[in-house]
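Engineer: Chain by chain, the residues:
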Amino acid sequence: MKNARIRVLVAKPGLDGHDRGAKVIARALRDAGMEVIYTGLRQTPEQIVETAIQEDVNVIGLSILSGAHMYLFPKIMELLAEKEATDILVIAGGIIPNEDIAELKKVGIKEIFTPGTDTNKIVKFIKENIEITKT
Amino acid sequence: MDLGTRVRQGDTRAVAKLITLVENDFQHAQKALKDLHQYCGKAIVIGITGPPGSGKSTITDRLTQHIRKIGKKVGIIAIDPSSPFTGGAILGDRIRMQDLATDQEVFIRSIGTRGHLGGLSRSTQAIVKIMDAMGKDIIFIETVGVGQSEIEVIKVSDIILLVTIPGMGDDIQALKAGIMEIGDIFVVNKADRDGADKLITEIEMMIHLNGEGKKNPPIIKTVGIENIGIAQLWKEIERLIVELEENGQIYQRRRNRVRKEIFDLFQENWKDMFFQLIGEANLEREVEKVLKQENDPYCAVEKLTEKFKKKIFQGGNNIV
Amino acid sequence: MNYQGKKRIEEVKKQWESNLLNKVLKKFSERKNTFVTGSNKEINRLYDPLDLESFDYVDDLGYPGEYPYTRGVQPTMYRGKLWTMRQYAGFGDAEESNKRYQYLLQNGQTGLSIAFDLPTQIGYDSTHPMAHGEVGKVGVAIDTLEDMEILFSGIPLDQVSTSMTINAPAAVLLAMYIAIAEKQGISKTELNGTIQNDILKEYVARGTYIFPPLPSMRLITDIFDYCSKELPKWNTISISGYHIREAGSTAIQEIAFTLANGIAYVSAATKKGLDIDIFAPRLSFFFNAHNDLFEEVAKFRAARRLWAKIMKERFRAKDPKSMMLRFHTQTAGCTLTAQQPDNNVVRVAIQALAAVLGGTQSLHTNSRDEALSLPSQKSVRIALRTQQIIAYESGVAETVDPMAGSYYLEKLTTEIEQGAMDYINQIDKLGGAPKAIEKGFIQKEIQNSAYKYQKDIENKERIIVGVNQFQSEEEPMKDLLKVNPEIEKRQAEKLNSIKKRRNEAEVQENLSLLKKIASSEQNVMPAILSCVRSYATLGEVCDQLREVFGEYKDSIKI
Ligand code: B12
Ligand SMILES: Nc1nc2c(ncn2[C@@H]2O[C@H](COP(=O)(O)OP(=O)(O)OP(=O)(O)O)[C@@H](O)[C@H]2O)c(=O)[nH]1
Ligand SMILES: [Mg+2]
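Protein chains in written order, with this note's numbering: chain A, 312 to 446; chain B, 3 to 322; chain C, 72 to 629.
To be clear, the hints were calculated from the coordinates, so they are not data collected in a lab.
In this text, all values refer to a predicted model and were calculated from it rather than measured experimentally.
One or more of the hints may lead you astray.
[Unchecked claim] To give an idea of the interface, some chain C residues facing chain B are shown, with a C-beta separation under 8 Å as derived from the structure: (1) LYS510; (2) SER583; (3) LYS586; (4) ASP625; (5) ILE629.
Where a beta carbon is used, it is the ideal one built from N, C-alpha and C, also for glycine.
Given these sequences and hints, build the entire structure.
Structural biologist: Right, dumping it as structure tokens:
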């Protein structure tokens, strides 16, 4: 593809106000040549899924540090399935206990990045896990 | 079902995918665009431009909320600059429009300029068509925050709102040179701040200076964040649309638009043809010679043109 | 320094440089080309009296308890009374949190600090759709006065000082606190504590806003006004740099943006006609204690001096109490790592030391499991013990401002003050903190610093032990705190039951009265008090205000 860019939605679901990490990630992905859409705090699962579809992103990056991930993440995956948009790569980060990571991967979240992750590792993961040639 | 049909039925996913195709690989998108063209031409395209941070996104959001109440279907194209170094971009306009995210009759697409100058992306016009074909009544195009030369929005819009704010100081003088001339309606946003009336006076003076018998564009005061002036702004837009339709302006603008479109497409094709027929290697060879002072660029172009013509003459079939 | 003395030092220094230093440098280069503080300010090889040429002891430091308060706000500091040890805590429901508070008090904690869950902080009842999955997760869930009664049961409110981290709905929680004091038979004038009530930093760093800035500022000045008449011992605001720093700012930015916010509050209150010397003594501050020990100590001292000058020179305060910057400190959570969590105990000890050497009035020490979950009981105990060791074993509390006079420290103090002042001037030019926030200026500055911090770690320009160097294999930490998932249901049941038991007509009447008053210029506090007394829910009260004030939305581009 001539002019393709990886498009990513970085989203903060729920009431969580911790946005330092999400904003750092957004910038790091931009500096890696991606187009990053950031929609701000307090997004509902419905808003996130609808935005991802309209923006035709390759990746949804979710960030939660406030403990509500076991409700909000699966809800988002459910809506994506409902909209037949499971081709979108979903990754996440934040404060996610080990035992929850396993469960979240079961519902389709491809990878979860916890504190201390190098952003280059995230860039690499995205590049290795999406197919940019899809249309 | 093919992409074009799905687009016409308003299938959000299909629209989103086609826009991506248009952005990434225009040549391949052309087939679908051809099919869609006959369904275009119904939407009114409103360009929203102005300096960075003047409230373009806020106004777009509020206008959309306002006209959703009277049932208008809305498409929004929000453009942000891409980094010239990495090609990456943070597309942030949408952050102010998220109340609209789940409204099925509103379609928002954020796009990066991807190296295109002029305040839009190369794909903007095609995206307008797609939204038009999907049945949107109104399409807003929010340009990047402009200085003075990014006036390309004029080439894709039926009417243009120029959003200004008080306290821009001398900026208004700088704006005068370029974008002040393209506004069909002046929006003085952030009228909650000091200096709104002063700005209006300044704008009025400037318009008078422009003179030449043109009708003076209306100036509307708004406070975007508080939804003040939005209804009046919309009334003014509607009135102006009627006026411009009646006096043939919209027709003229669309005519110019189509002419430009044909010419641009032709240029694109021509450029592609050049590379296919002449090839990167030939070009590089000439570049090398010019650098070494073995040739000058003018003769190089003549030579390449001759070669190009010959190839075409030989029957450069199926090259497009 | 007199001329002779200066000459002599310069001479000796020159000789030292040529005879010794340069020779050593030729043979052994230093570890790095440049050395910088935690906030990227370049650090010289060493500091000497020449660095303090324009330093004036009396003007720049003076004596503790006196203007400009560089050395502290009390003349005897910790020789008189140690700082208040106050661990931020709260999770699940009121009953569970009450247990944790009792535990902390039994273990020698001297003040309470309440963490509310996010729905409470954002003015939603536990049954609100947006609250789904968030109830009790990161703080205690409070829906009605009944929850507050349980939260403080067995804790006599005239004997503890209570700090509540509550901002947008501060007026509501304060009203509930007053109402339970009434029930305990304690007079309002006895109540001692703090509400955070600092909305400006919510827009830039913390995110629990509800209303737009203008009506939010009005709520704050209403509280100032009410408390100056009714709750003389209450700290009406805790102007917070902590969150700004945690969002990624540098030390200088922390001070600059916090004091700029402070200036905005003082201006708003004086504009409303409040007497500065009546409300200003009740202002308090909240700062971060980060890793760089010297820079942090200097920061606290610089903040005190700068605020004193601002209050005296800019606002013409007369009462010395108006000029005193009193502050709470929390150690920097963002420095604590998920890797090798026990190392965090050491980090916290250094940071807590900085806070004490910087003259803090109260202190929260973070727990070693900070980057993993809310602190377990055991981790909190270690954190509390860390403060106690500093207080009782290290000896640093036995004299006032022990680091004063260090060439390096005094130089840093001046530089930080100067750097912060430059920012404040810039913010003034933009029209003050609220305008600078609206323009996204402060947010952008913080984001740039946060991004640089991350990149510095990734480029190994900043070493974090266990993260980008000295990594080791480890067992995952055990016994992490897990919040009971049944809380949400329990909370909903409690809420429904109270709604059945309360006098509905009275509630509705109080709510509509509140709405009327919110639309007027009158102080909202009394109306909110009536609402909570009648067991109106937090969400109901906030909804009335939402209808009048509107809602703020996150809207600043990255
Ligand atoms: C900074 C911080 C704050 C700041 C937030 C500033 C801001 N604007 O972001 C302040 C001080 C305001 C704050 C407040 C609160 N905090 Co806090 N905070 C932290 C802290 C110390 C660091 C988080 C951080 O920013 N780290 C730096 C960034 C760069 O790292 P990061 O976010 O982890 O991101 C990395 C990865 O996780 C991952 N990642 C993150 N997001 C994403 C997204 C994608 C798409 C990808 C691919 C990767 C990814 O990649 C990043 C790079 O490595 C953590 C503890 C800790 N050390 O982690 C507590 C912590 C998250 N906070 C906590 C709590 C409870 C709160 C409060 C709710 C307390 C209260 N009751 O009031 C408040 C309210 C905040 C709110 N509105 O939601 C708890 C959460 C507990 C839980 N989940 O069970 C923690 C874990 C502390 C603790 N142990 O108690 N906090
Ligand atoms: N005081 C005031 N602020 C406003 C008003 N309208 C918008 N704003 C604020 O101005 C800032 C910029 O608004 P945007 O709508 O993002 O402006 P923009 O022109 O789209 O900005 P760019 O796309 O970045 O060029 C935001 O903080 C808005 O909240 C208004 O009428 N009054
Ligand atoms: Mg915009």
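Engineer: State for each hint whether it applies.
Structural biologist: Outcome of the hint check:
1. LYS510: holds (7 Å)
2. SER583: violated (24 Å)
3. LYS586: Check failed: Cβ of LYS586 of chain C comes no nearer than 19 Å to chain B, outside 8 Å.
4. ASP625: holds (7 Å)
5. ILE629: Holds. Min distance 5 Å.
Of the numbered hints given earlier, the model fails hints 2 and 3; all others are met.
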